[in-house]
Amino acid sequence: MPKTALEIAESRTGQVCVVALSGRIDSSNSGDLMSRLKSLISSSEKYILVDLGSVLYLTSAAFRVLLVATQEAERNGARFALCSLTGQVRELFEIGGLTDVFAIHPSRDDALARLA
Amino acid sequence: MAAICHALDALGGEFGIPAQTQMQMQIALDEIVSIIIKYAWPAGGIHELLVRIDVSHDNVEIHAIDDGRPFDPRTTPAQQIPPPGERLRPGGLGVHIVKQLVDQFDYARNDARIHTVLSKKYRAEPSRLGGADAENCA
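Residue numbers (my numbering), protein chains in the order written: chain A, 422 to 537; chain B, 199 to 336.
No wet-lab data here; the hints were simulated from the structure.
Bear in mind that the values here come from a model prediction, so they are computed numbers and not experimental data.
Do not take every clue at face value.
[Stated by the list, open to error] Reference listing, derived: stretches of chain A covered by chain B, where coverage requires no fewer than 3 residues with Cβ under 8 Å from a Cβ of chain B:
1. 443 to 449
2. 512 to 521
[To be verified] Label pairs and their computed distance ranges (CB to CB):
3. Asp304/B x Thr507/A: 30 to 36 Å
4. Gly518/A x His313/B: 28 to 34 Å
5. Asp265/B x Val489/A: 28 to 34 Å
6. Asp530/A x Pro268/B: 47 to 53 Å
Glycine is no exception: its CB is placed at the ideal position from the N, C-alpha and C atoms.
Excised from the complex, chain A in its bound form (with noise of 0.2 Å):
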């Protein structure tokens, strides 16, 4: 079974700042996502990708957290952007409707070539 609690990992590749998430993003841990988003956007990343590939599953909460990010990444003239989504993961993304929402690339190696 594969590692299920919500693990961040940080890397960069040229400018862009990599955000690795694994497990499963909920209502119990989406405020940490919240905060090293956030924290990383206020400290002037321009350009900030969020790779889904081991996201096991996430809820409503942790899209209010992709979509406030987007939003604050905006404001800050940074971009923002998703990539690697699979499985029960994009599924979750069409039934919210959410696919046009994001800027999703679908592996990291396309995101780092059209963003860097």
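With chain A's structure known, arrange chain B on it following the hints.
Frame of chain A; chain B shown alone:
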């Protein structure tokens, strides 16, 4: 929520509930508990929420019983997807997700308690039996 998450994981392994069904019920339960906290207890304070999970050989049923003000989450307006270029307004998304993930979504008021019931049919997967992983709920 972590305790409930553990319980669902353990039951999933015990009954061979498919991983996708189990995740969908985890998500639906998280949404319902969030809705109860936000709408049934708007003034905060100390409240009671009882969660009961009934599992049969082909059905998972989650009962959330709270002492808050009457609020039928099923009546929440459907989420409005904004046209391109406009921002999505938060709200209604959780209920919309629940409606899509479960087979049945019931609500009743009994003895000054609110009963919200979510149920979903499943076909047991023998390979999942005994495979619960309840160590990493957030």
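Need the list of violated hint numbers for this structure, in ascending order. No numbers; nothing is violated.
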